[in-house]
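Visitor: The hints should help you fit chain W onto chain E, whose structure is shown.
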Amino acid sequence: MSELPPKTSLRRWFVTTNHKDVGILYTITALFFLIMGGMLALLIRFQLWEPGAQFLSEIAYNEAVTTHGLVMVFWFLSPFGFGFANYFVPLQIGADDLAFPRLNALSYWMYALSGILLGISYFQGGTLSTGWTMYAPLNVPMYTPSLGSTGAILALAMFVIGITASTINFLTTIHHSRAEGMGLMDMPLFTWSILATVYMMLFAFAALLAVALILLSDRILGSIYFSATEGGALLWGHLFWFFGHPEVYIVFFPALGVMLELFQSFSGNRLVGRKWVIIAICLISIQSFLVWTHHMFLTTINLEVKTLMMATSIGISLPFDLVVFSLIYTLIKGRIKFTTPFLFAFGALLLFIVGGITGVFLGAIVLDYEFRGTYWVVAHFHYVMFGGATALFGGIYYWFPKMSGKMYDEFLGKVHFVIFFIGFNAVYFSMFLAWETPRRVFEYDPAFQPMHQFGTIGAVVLGLSFFIMFYNFAKSYVSGPDAPDNPWEYTRTAEWAVSSPPPLENWGGRPSYASGKLEFVSEALTPSDDHDGPAAATDGGHGEGHGDDHIESYPYWDKHASHASIWPFALSLATGIFFFGLSGVSSSIDITTADTLFGTGITVSNPVYPVFTALGLLGIIWTAVKWGLEDFYAPPMEIAERWPFEGVEKVKLGMWFFLASDVIVFGAFISAAVFIRVAAGWYTWEPLTDSLPGLINTFVLLTSSFTVILALVYARRKSRKGLIAYLSATILLGLTFLSIKMWEWHHEIYDVGVTLTQNSHGDPVQATIYYVTTGLHGLHVVIGLLIAGFLLVRAWNGAYQEDPRPVEYFGLYWHFVDIVWVILFPLFYLF
Amino acid sequence: MHVHSYEKIWLALGLGLILLLIGSVTYGAVGPGVSMVAADQPTVDPTALDEDDRFAEPRVEQVGENEYEAYVVAFQFGFEPDPIVLPANSTVTFMVTSRDVTHGFEVVGTNANTMVIPGEVSTLTVETGGPTEYGVICNEYCGAAHHGMEGSIEVVPQEEFEESAGGSSDGDGSGGDQ
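Taken in order, these protein sequences are the chains called E and W. Counting in the numbering used here, the final residue of the first sequence is number 1342, and the numbers go up one at a time with none missing. Counting in the numbering used here, the final residue of the second sequence is number 447, and the numbers go up one at a time with none missing.
Honestly, the hints are just simulated from the structure, not real lab data. Treat the hints with caution; some may be incorrect.
Some chain E residues well away from chain W (every beta-carbon gap over 10 Å; in silico) [what the hints assert, rightly or not]:
no., residue
1, T577
2, T655
3, L829
4, S915
5, I1132
6, W1133
7, S1271
Computed cross-link-like contacts, DSSO-like style, restricted to lysine-lysine with a CA-CA straight-line distance of at most 30 Å [to be verified]:
no., chain 1, residue 1, chain 2, residue 2
8, W, K277, E, K786
9, E, K518, E, K986
10, E, K844, E, K925
11, E, K844, E, K786
12, E, K1028, W, K277
13, E, K848, W, K277
14, E, K925, E, K986
15, E, K986, E, K1028
16, E, K1232, E, K1163
Ideal Cβ placement from N, Cα and C applies to all residues, glycine included.
So that you can see chain E by itself, here it is in the shape it has in the complex (with noise of 0.2 Å):
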């Protein structure tokens, strides 16, 4: 299923994975989440327009100021920043496509349908309305009952599954697929930020997921994490905030990008100290992710941990000045051109000095002391997060030529721009004259009623101020003229150099930057050339590492790219109908437990969410495997820049990406129980399970990771039957593995009096612990089971024998699932 229908058919843009369309429809899905969160944001002006005015309820206005939040962060301000990012990154780096574009695809639909989960969260008996931190205790089902907020859980928990896809996509295909001669250093701005984005999303997400997990845990299975009184409620703001503030700079950092193409596009002038900022982008990448405390100054953390948080806070905005003073110079130093997308982007950038300036004053404790909780801070970070997305505005304005291959309305765009900066400034620079308005209530000092009501029309005016926008865009795609490949004069970047819209495979020839300018190179693009045609370019024109010998390791490598596949949207529909199921599976199964197993009794008060939650888990399998059983060939690019992992192939750099962004989601459950136990008092608690079961265990997965090795050996040395026999072993391990857990569980549950809730011996939280953290292990193992199974059937089909490489794969995984079991067994079992 490999031919892509045209564009004018529905069915196109469900089966495509090609980033330029991917892209496309992530811009259209983020602006329509604008268009829900700014509803919601008029809902909350609205409720302001008098102190304690009653036009929502009061639990309606939560709900409407949690949601504003969660889809303007997560389903608005990222998305459209990546609708970017994947149209635009593999043009700008000259590559044909992202490494894995059926991945794409997937983390495209991850994203739309977890946004449709969390408008149904709604009709589940009202949606979260904790505000968008959903601190604990607040978070677990006994203060926030409905069917709704775990729904709304399990749509963030199912967006961050697909965000976390197109992290390892984009890792991998920055790092794997940049065109020939182009260094890292070499890349354009955008993408640079793009890199940076996405490394901190590999960490920041992954400890996102790991606590929606264990929310979601609390929620649905019953454990007692978050209203743990050992620490729990401290124990998320660590986890969520260790995630929430990286997540600033990851939403402001694609529009940071758009902004330095844009500053450099209208001023005719390369930016000023280019090396600087991309060091100042690095650093800050890093730093983000030791700053997270300054959300939480007003908790009991020690004095001295707040004070170092308080110097990196600071600290922080030491690189941001290098940036603003860059963009200030290159303007200076340029000549600008006052077109449209460079308005949004200089506009953004008035925004964010407003907003950085202001946010300092917050990283201070004392004075945090005196704002937290006030308007203050409300208008900081719309400033800073909004002031951001204005650049991804400018953005939209500066590609659309390119995306459409129309030319919008320049005088439409510019009187965007007047009235949204207008409405922009009145709403939120009239939030700091009222700053000392409480937020999170909808009382305040009348005196600040007129500022409010200000504000109000502001918003309004900035909401209308998007039709314009909307209205530009639909009639120039209908009726505009024809866009030239490059309709800005001063361009740097490659996606100016191909058609507007640029074809389907990007490019005409090779891209190659090998001479230090973009050239396209013809003969190493024709499949039907034997293998001299690559290889001699590549010793006339550049020196080593450029992988040619990768082309013989690729048995299809003269085969044509793939671009449709309708496996991705039908797993992450699968996906979302089991998401939806499990909302409300726990509300409509009652299981009376026995002192047997045999005792247990399960009673259905109502099959609806069970049903879907099965159907969705058979879905998912299903549409898994034929996933994997798909002829679907993306080909990597034969000659690339892959520093710093030239001797790494593509799939395993994604297997490496992947699984350290595991490596954190088991780090925070461990971090979960270390803090936890902790505050309970270390030497209080004692292993509850006998170290005899564990310790078998040990050896049995440990031995399993030798098999598994054998079983590649023999898949190389071409020999089915010793693939069979070691890939099965394998299986049996793990099985092995599983019985004697059950049978653990078994014993402490009926024989001890061990439950997810229950305690003998003492803490009721360590018995949660002890069952979630080596549950989500045993989860592992069973995903490792289904996966080992696949290659097994296939083997015995005599699969692998040309290309071993799936097995290294899992392989990879199946090692890490033994490694996490060598720290779990000394936390769980000696100590």
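Guide: Chain W alone, transformed into the frame defined by chain E:
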């Protein structure tokens, strides 16, 4: 392997920073013994506030010459005691905790502002000025009626406080009984 010199610097800086961070965290924990939760802000079992000397009966107590401690419990949806009656021109240490979810405790118009986390006791010390009244609000979402959650502080002249302090000495008495 061809590596651009800037890329080498980038790598060295990145690695250096990571090592510095891990080093500083390890040093902080092992060397000076910095712990994440301040030792002088003790924890409390939020499900058993009834058994705690301070929070079983939230009150204001004199602990020294012109020094007072105010034990406050935040709950869905209010503060106890309400109003919190304080003597003028004295030093008051608030010890605030929650019996259910995370709340906020902000004395409106001042920088006396803290989060109130179940299981943690938030401590903050203020100087009361002349007699006046303050509102207290909750800054964190805490449930359906969060909007209406408020308390109040009445700063009264010293002599008036002592007259009404009968209640707090009762509190002392019951504390002694336990």
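Visitor: Next, verify each hint and record whether it holds.
Guide: Against the structure, the hints:
1. T577: It is violated; T577(E) is separated from chain W by about 8 Å at its closest Cβ, not greater than 10 Å.
2. T655: About 8 Å separates T655(E) from the closest Cβ of chain W, which leaves it inside 10 Å; violated.
3. L829: holds (14 Å)
4. S915: holds (36 Å)
5. I1132: It holds; I1132(E) is separated from chain W by about 39 Å at its closest Cβ, greater than 10 Å.
6. W1133: holds (41 Å)
7. S1271: holds (19 Å)
8. K277(W) / K786(E): Holds. K277(W) to K786(E) sits at ~13 Å (cutoff 30 Å).
9. K518(E) / K986(E): It holds: about 19 Å lies between the C-alpha atoms, which stays within 30 Å.
10. K844(E) / K925(E): The hint holds at about 24 Å.
11. K844(E) / K786(E): Holds - the C-alpha atoms of K786(E) and K844(E) are around 17 Å apart, at most 30 Å.
12. K1028(E) / K277(W): Holds, at about 23 Å.
13. K848(E) / K277(W): The hint is violated at about 37 Å.
14. K925(E) / K986(E): holds (16 Å)
15. K986(E) / K1028(E): violated (37 Å)
16. K1232(E) / K1163(E): Holds: K1232(E) and K1163(E) sit about 25 Å apart, inside 30 Å.
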